[in-house]
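Now for the letters of each chain:
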Amino acid sequence: MTRRWVSFALIAPLLAFLIVSFIVPVLLMLARAVTDRDLDRTWPASAAALRTWDGEGLPPDALARTVAREMLAAHRAGTLNRVANRLNYDLVGSRSLLYTTADRLAAGAPGETLADLARIDRRWARADIWTVMRHADGPLTSYYLLAALDRRIDTGGHILRVPREQAVFVDIFLRTFKIASLVALFCALLGYPVAYLLASLPRRIANPLLILVLLPFWTSALVRTAAWAVLLQTNGVVNDLLQYMGLVDAPVQLIYNRLGVYVAMTHVLLPFFILPLYGVMKGIDPTAMRAASSLGAPPLLAFLKVYLPQSLPGVAAGAVLVFTLAVGYYVTPALVGGGADQMISASIAFYTSQSLNWGMAAALSLLLLLPLLLMLFAGRTMVRTVPA
Amino acid sequence: MLMAGTRLPLVEFRGVEKRYAGGSAAAVAALDLAIGRGEFLTLLGPSGSGKTTTLMMLAGFETPTAGDIRLGGRSLADRPPHKRNMGVVFQNYALFPHMSVAQNLAFPLRVRGVKGRKAADKVVAALTLVKLDGLGDRRPHALSGGQRQRVALARALIFEPDIVLMDEPLGALDRQLREHLQIEIKRIQRALDLTILYVTHDQGEALALSDRVAVFAGGRMQQVGTPGAIYEHPANAFVAGFVGENNRLAGTLVARQGDRCAIQLAGGQIIRATAADPLLPGDKVVAMIRPEHVQPGAVPPACCSTLEIDVDEFAYHGDHRRIAANVPGAGSLIIRVPVDMAAQRGDRMTIGWCIDHCLAFSASEIEPGKTS
Ligand SMILES: Nc1ncnc2c1ncn2[C@@H]1O[C@H](COP(=O)(O)OP(=O)(O)O)[C@@H](O)[C@H]1O
Ligand SMILES: [Mg+2]
Chain A
2 MTRRWVSFAL
12 IAPLLAFLIV
22 SFIVPVLLML
32 ARAVTDRDLD
42 RTWPASAAAL
52 RTWDGEGLPP
62 DALARTVARE
72 MLAAHRAGTL
82 NRVANRLNYD
92 LVGSRSLLYT
102 TADRLAAGAP
112 GETLADLARI
122 DRRWARADIW
132 TVMRHADGPL
142 TSYYLLAALD
152 RRIDTGGHIL
162 RVPREQAVFV
172 DIFLRTFKIA
182 SLVALFCALL
192 GYPVAYLLAS
202 LPRRIANPLL
212 ILVLLPFWTS
222 ALVRTAAWAV
232 LLQTNGVVND
242 LLQYMGLVDA
252 PVQLIYNRLG
262 VYVAMTHVLL
272 PFFILPLYGV
282 MKGIDPTAMR
292 AASSLGAPPL
302 LAFLKVYLPQ
312 SLPGVAAGAV
322 LVFTLAVGYY
332 VTPALVGGGA
342 DQMISASIAF
352 YTSQSLNWGM
362 AAALSLLLLL
372 PLLLMLFAGR
382 TMVRTVPA
Chain B
75 MLMAGTRLPL
85 VEFRGVEKRY
95 AGGSAAAVAA
105 LDLAIGRGEF
115 LTLLGPSGSG
125 KTTTLMMLAG
135 FETPTAGDIR
145 LGGRSLADRP
155 PHKRNMGVVF
165 QNYALFPHMS
175 VAQNLAFPLR
185 VRGVKGRKAA
195 DKVVAALTLV
205 KLDGLGDRRP
215 HALSGGQRQR
225 VALARALIFE
235 PDIVLMDEPL
245 GALDRQLREH
255 LQIEIKRIQR
265 ALDLTILYVT
275 HDQGEALALS
285 DRVAVFAGGR
295 MQQVGTPGAI
305 YEHPANAFVA
315 GFVGENNRLA
325 GTLVARQGDR
335 CAIQLAGGQI
345 IRATAADPLL
355 PGDKVVAMIR
365 PEHVQPGAVP
375 PACCSTLEID
385 VDEFAYHGDH
395 RRIAANVPGA
405 GSLIIRVPVD
415 MAAQRGDRMT
425 IGWCIDHCLA
435 FSASEIEPGK
445 TS
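Just so you know, the protein sequences line up as chains A and B, in that order. Just remember that the numbering used here sits 1 ahead of the position in the first sequence, which is counted from 1. Just remember that the numbering used here sits 74 ahead of the position in the second sequence, which is counted from 1.
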């Protein structure tokens, strides 16, 4: 009992650090994917009134009056843009509608009834702006998550696909998972023999080779990616070599397309596959292979029946690690990929740092995180079924 | 010898030598050894004496650098391990951790194309043979050390190999379990008429189990023979010291007549012994006498040699007592005496032995790895 408290006390600082600097910020960020506080924080009375309204047709005058008052107050306090931006996501034009209305109210136009507002701008007499406000009344919303799946709720509450030309995220997600899966597969194909070699060589020879595997860890991904750009360019070393060997007549496009992404990402992530697998392979009793052949199994059969199954937890660990990292990759596809090779993290970065739509960024992150958590869980159970 | 007569030996080592790359000395040198069908032969020697290397060359995991190994009269030189049909029990058992016990046992059957009912029956029979009925579904890591050992043995037997090779199979087990399993192995060997090449560094185990024992030291076979021959007539000081308990008294040969000789010990006392090596007066020699062959007190003079000793320790061992004594100027000595004898620390006493029991060897022989 005391021992347990002592060990807990020992890890407590790290735990506190993790909670404060990692878990809480991540959760707060992810919460933005499902919360919608722009309107109800700025216009609390309107939000309360919107929630009590049945949403049928046009709102009562009392609601219109509350909205008009809070619109004017927010305009004076300089906080109107939060609501304006929020409503504009759902209904293009809401932004200008709010600002012109607020300007006129500030200039003395009456705002006591729905009819008053409709006199300022006719759009107030239409149901859609009110429905949109009702959807935005918080505190929770499905807006961002649906948008991240190329879906939206229409003013009548039905879930619809967005028009084809606006539907981008599902394609990007599928592309991201496809690229990450293939990179994990390439890492497995290239990394398994290397890990096997490292694990079976005597330490004296394996250790220097292991350093060669680790070397890429000590150079930044940016530098390595830039190096690939040099190697793979139209007049680069690889193209020269291919032409010299007579394999191709003219330079082939090796970069700024999907091929470049696969080559560079596989290289960058390969150590993450090799290391866990090497660790698992080191733990495999080498006499088990000898036992298999003494029992009559030819080398290939011994490998397939005895070695491979014991190394699978390492393959799973390495593949999950590479896939997880690849799914979040950003720099490499941006540098060596073409326009059609961008992955979902590029969109997340765009919403985080350029359009400042953090709700959207959070929704995309959440959708990226959920399959990863599932995979990690599946990987864990897979590792657990094969004891070391 | 057991294979004397017209029967061909099952396995023959002919002038076999093994040098590992980078190793200066040969791990095994000039090995000539024949194993008869149905024989239980044990390689006995201290750690590093080349036992495992010998076994691995026979199993095909190491290649001899010189000489030839034959199975049933045919050279094994070009036969890979999986075609040798030898059951190997590894020191660490080498069970497949990702397979159940039954799957481990079925493995050699499966690779031989034996499947289904027939394989299942064999697995059940093998489990019964090693007294593990009902444990077929367990994973190896859920078994005790002794049970794993039994699984390894059953797996090495189930495909009816020509010979079973066992490398210190009981080395990792505690004493009681080891003795129990020794009896089991012997029982199974008799029941199935197995040929076994067994490796151990435990001389008690070797003597108890084997038809013949081959004693190894420094990569060379020192002597091969029945346990009785090895114990009673060791070929050199190493074998005398390694097999069973033995006292060593160092001295100089002063006279020799036939195989009888007189040795002057460092302290000046003269003892008599049987020369087991060709020795000449003036040679440095060691006289070896087993504790149970030393007789305390008065002894008939005809076949006897006597020695004055000082008692250092007098210890009770249940069925006997042991005296640790000091031979003035010539080192120490252990004597086994009946329980009813009385003595105490500091006593001076006279001991003696039959000259047949005290063997004199040239002192230049290899030093034994252990003497008890
Ligand atoms: N793979 C190897 N490479 C180099 N030297 C080895 C190798 N295996 C064993 N040796 C050496 O060969 C000698 C005999 O070893 P081994 O056959 O394992 O002895 P034992 O089984 O009697 O303990 C030892 O000196 C050991 O160091
Ligand atoms: Mg050994």
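Accuracy of the hints is not assured; some may be wrong.
Taking lysine to aspartate or glutamate and the DMTMM-like style, the derived pairs with C-alpha atoms no more than 25 Å apart in a straight line are [as the list claims (entries may be wrong)]:
#1 K306/A with E136/B
#2 K260/B with E234/B
#3 K283/A with E136/B
#4 K358/B with D393/B
#5 K306/A with D285/B
No lab work stands behind these hints: they were computed from the structure.
- Message: Need the list of violated hint numbers for this structure, in ascending order.
- Response: 4, 5
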